[in-house]
Structure formats: C-alpha cells, structure tokens
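Just so you know, the protein sequences line up as chains A and B, in that order.
Position one of the first sequence corresponds to residue 1 (this note's numbering), numbered consecutively onward.
Position one of the second sequence corresponds to residue 180 (this note's numbering), numbered consecutively onward.
Treat the hints as calculated values from the structure; they're not laboratory data.
Do not take every clue at face value.
Unchecked claim - Under the rule of at most 30 Å between Cα atoms (straight-line distance), these lysine-lysine pairs were calculated in the DSS-like manner:
1) K63(A) x K112(A)
2) K408(B) x K109(A)
3) K495(B) x K35(A)
4) K379(B) x K114(A)
5) K495(B) x K71(A)
In this text the structure is predicted, and so the values were computed from the model without any measurement.
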Amino acid sequence: MAGFYRINTMKKHLYIFVLLLFVSSSVTARGIYQKPANFLDEVFNSKPPQANVIWLTGSIRTKATEILNHKPTRLRIRYWNNQQRTAWILEEIGKEKPITVGIVISNNKIEKVKVLVFRESRGDEIRHDFFTQQFKHARLNTNNQLDRSIDGISGATLSVRALTKLTRLALFLSTQIKQ
Amino acid sequence: MNKLNKSAFLAALLSFPMLSQAASSTEQLQKEVDALKNQNKLMMERIEASIDMMESKQSSKGHGSKGSNSIGGYGELHYNNLEGKGGASDKDEIDFHRFVLFFGHEFSDSIRFFSELELEHSIAGEGKAGEIELEQAYIEFDLSQTMRAKGGLFLIPVGIINETHEPNTFYGTERNPVEKNIVPATWWEAGAALSGEIAKGLSYDLALTSGLNLDSNNKIRDGRQKVAKARANSPMITGRLKYTAIPGLELATTVASIDDYTQGQSAKNSATMIEAHAVYTTGAFGLRALYASWDVDGKTSGYDEQSGWYIEPSYKISQKIGVFARYNQYDNQAGTGGPGNSEKQQTDVGMSYWPHEDVVIKVDYQTQDNDNNKDQNGVNIGIGYQF
Chain A
1 MAGFYRINTM KKHLYIFVLL LFVSSSVTAR GIYQKPANFL DEVFNSKPPQ
51 ANVIWLTGSI RTKATEILNH KPTRLRIRYW NNQQRTAWIL EEIGKEKPIT
101 VGIVISNNKI EKVKVLVFRE SRGDEIRHDF FTQQFKHARL NTNNQLDRSI
151 DGISGATLSV RALTKLTRLA LFLSTQIKQ
Chain B
180 MNKLNKSAFL AALLSFPMLS QAASSTEQLQ KEVDALKNQN KLMMERIEAS
230 IDMMESKQSS KGHGSKGSNS IGGYGELHYN NLEGKGGASD KDEIDFHRFV
280 LFFGHEFSDS IRFFSELELE HSIAGEGKAG EIELEQAYIE FDLSQTMRAK
330 GGLFLIPVGI INETHEPNTF YGTERNPVEK NIVPATWWEA GAALSGEIAK
380 GLSYDLALTS GLNLDSNNKI RDGRQKVAKA RANSPMITGR LKYTAIPGLE
430 LATTVASIDD YTQGQSAKNS ATMIEAHAVY TTGAFGLRAL YASWDVDGKT
480 SGYDEQSGWY IEPSYKISQK IGVFARYNQY DNQAGTGGPG NSEKQQTDVG
530 MSYWPHEDVV IKVDYQTQDN DNNKDQNGVN IGIGYQF
C-alpha cells in the first residue's frame, strides 16, 4: 500500500516545483472577479444612474453597527437607484482583508449578490452562484436578520459571515433612503 | 399741479443717491452670497476628498492594522477536572493552552505574506511547561484567478481542524483526540504548495514539503519535526481534493506519503496516510465525521497501523448557544503485534455559548472507555476568542 505512493525522484520534483513557483513572471491577481463599474453597467443596462450618498449617522449608524457587529468603517455609503431598484457596493473584512460585494435590492428583496473582489487566502468559494443564490429574494425580518437560514461553507465561515452581514446592511439601508 | 410735480421731482432727485446706494448694497450682498456659495462648494469638495481618502485607507486595511499590514489572533484558556481510573492519573489543571498572533503583509495585489506565532501553555523556556512555535510563515502568489502557489512554512491541507482551529469554530474545549493523535493536528511543514479549482466547488491542493521523522519515535504525533533544524533527507508529498459545491456540505480526502520516514538515519521505510471527512451544516443542525489511517512500513508492536475516526452531531439552540456530542475512537498500535488493548474510545457531550460571534465559552463532559481500562473522565471548561 505505502509503496504505491513512493516517489523516488521527489527531491528533483521539489526543485522544479519551487523554481516554477518563484520564477513565475506572469503573476496575476486572483481575486478580482468583476470591476464595480462593470457590475453597475450590468445591473443598469450600461446606463447606471448618478450615485447618491447615505450618511451613516444617528439611528442609521446604530443599526448598521448592530448588523455588522462593529462600528462601520465608513461615514457614508454610495448607492445607485433607479425606480424600485438600488445597487450597493459594500465591503466587509472576512478574516483579514475586505471582501467587495455588489448587491441589488428590488422591492425590499435581494435581487442579486455578486462577490466582486476577494482578497483573503481561503474561502473564495463564496463567489460561486451555488452559494450566492441562497440570498435571492431574501428579506429582513423585524430583528434585521435575513428571513431564511444561509448554509455556510466549511472553512469559509468568516467569509460567509461577512457576506451575510453585507446583504443585511444593504437591505436595511435601502429602507432608509425612502424615508 | 406744477407744485406737485416740482415736489416729486425734488424728492426723486434727493432719493437717487439712496436708491443708488441700495442697488450697490444689493450687488455687494449678491457678491458676498456668491463668494460664500463658492466657499461652501470648495469646503464640501474638500470634505468629500478628505472622507474619500480616509475611507480608502480604512478599506484597504485589515483588523487593527495600517496600510497593507494585518494583525489578528486567537487564544484559549482551559480548565480540566478529570478523575483517573484504572491507573490513569487525575487531572485538575488550569492552563492558558494557546496564545496566538497572526501577522500578514500584502506586498502587492497578488503576493502576500502570512504568519502564525504561538505561545503554548503560557511560559516557554528551559524546564517550563510551554513552548513558542512558528506554525505558519509563508509567501503566497496568485498565479491566476483559480490558482495560487505558496512557499514557506504552512499547515498541511488535511482534516477538519488542522487549518481552521480558532476556538469559536469547533465544539469541545479540547480539540478532538483523533485529529490530534492520528492526523496529527496541528501539523505544519516547510516546502511549496499549489492550490486551485478544477471546477466550481471542486478544489485541489498539492504540497511538497519536509516530512515526519519516525526513526526513533513510533507514534505519528511524535514524528513531527516542526521545521526546527528538521532532517530533510526525504520529502513528503500531500494531495487533497475538496468538494464544496453544495452549500453547507464539505467532502474532502487527503493522501500524504513519505518515502523514508527515518530521514536517512536507518534502513529506508515509507509511510502513507489516507484521510477523509465530511462536514454538513444545514440550518441549526451540524454533522462532522472523519476517518484517518497511517500505514507505516517496518514498524513493529502494532505501530505499523495507526488509525481512528469520530462523528460529531451538533445543534444550535439559538444564535448564541449550541450543543454537541462526539464519539471518538483511535488506536496508535492497531497493526501487527500490537498489545491488543491499545484502542481508545472517548465520548464528549457539551455546549458552547457565544456572547459575541468571536468569543466562546465552552463546557463539556468526557467519558473514556479505553481498552486498557485507564480512563480519565470529567469536566472541561474553556474560554476562547479570535480577532
């Protein structure tokens, strides 16, 4: 059994492997899946409306803090709205680095969630449709929680948590801009 | 009438300077309003620019860090109150088991550094109970959107808790004994690795690293060299396949093989490990199950086979409270010529309370039913955090 896996030329393979790794000259960023401007073009048929701003002050800041479980790092957030649809580009740290997410809210429900930039070493499975589709049509309940449970990805707990918070924040903020 | 016209003319003549002065004042006011408007516009532009700059700095950083540096960590304090039976010792002990700091740096969008430095058991040094360990220190390169490579000292891609072991992410005060004694977690080596995606939700890891040294040790866990002037005569190759395409489900298997676990010190002998696990979480319900087995050529007294498995159902009563049960069975002398009573069984039941998503308080009760009748039964209590 053990002999099956024996590799007599392991050292040689190791040198080649390390050489390939460090000589690689065409290193490209892994985590940029869609530029925010392209996301807005896609959402608004290439005619994104003028950006608006919502200030995170007073009771809005208090609620945003509750949703994020920490104080927001931004003083205000830009959004794009067109009739009943609002688009948000939000960021939240998973384990160490911010994850940039595009979220579209339509009639107080989530229409679309897309991971635009993922900078963490692990957990990038959250970008896939099989995961983000769970958020489709989700609403906020009275406790500002999603009205459904989101099944996570093992080993990507912090990324899943960050994404869930951002969807809750976008849903909450979209209710505030109509007041 | 003429008199009236004259008076009116005279009044108009007299009021002309006043009207002229009023017009001049209005003009002056308008100028001042325009100046104020311009000033206000300029101020708003400056405020917007200041906030933009502040927020762009803010958004590019990690927790508690500046610029492209990041810092994090975790820790756990344990209290064990166990009663020994059949010759096993009692254990009544409080221990700050792990104090860990993460440091990271992003050299560019595609090249980054990550490290994990750990102090175990509070005090390290000669004659002290603890030790300082460098468990991770590697450079990671993004090769494409679906492939990355790393070189340095890193955790072996195996098992459930070897790579993700912050205390708020698993049930039980102590880590499960199967991954500890068989995998053996926490297990790190130095070398190079490739990771990537074959398809959506199907990923691979391939690592060529330093390996175990079992020349003078029999138990797998004792063969870890911890990359401390480690003998590097025979490298180890590790491969993992992981399937996560269904939300809540993870299926993974790892194979690790070393051609000569004596590291050139004795007659050449190989060792191979196979590990497989499943993690499933849906709503409040969770299930973890793992099997791991080592085939160690040339060992006697049963050490040629070391294997174990566990199963752990759990249920979250609320967002803050979860309960679990776990059955563990493992044997480090399961092979030929073993003593016949080396198999160990342990059952754990307990709960976790998360007052904050990154802070956990744990209580559990363990009962052992070891074949050698040396059991330690009792309560474990822990408090842990990550940031």
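Q: Any hints from earlier that this structure breaks? Give me their numbers in increasing order, please.
A: 2, 3
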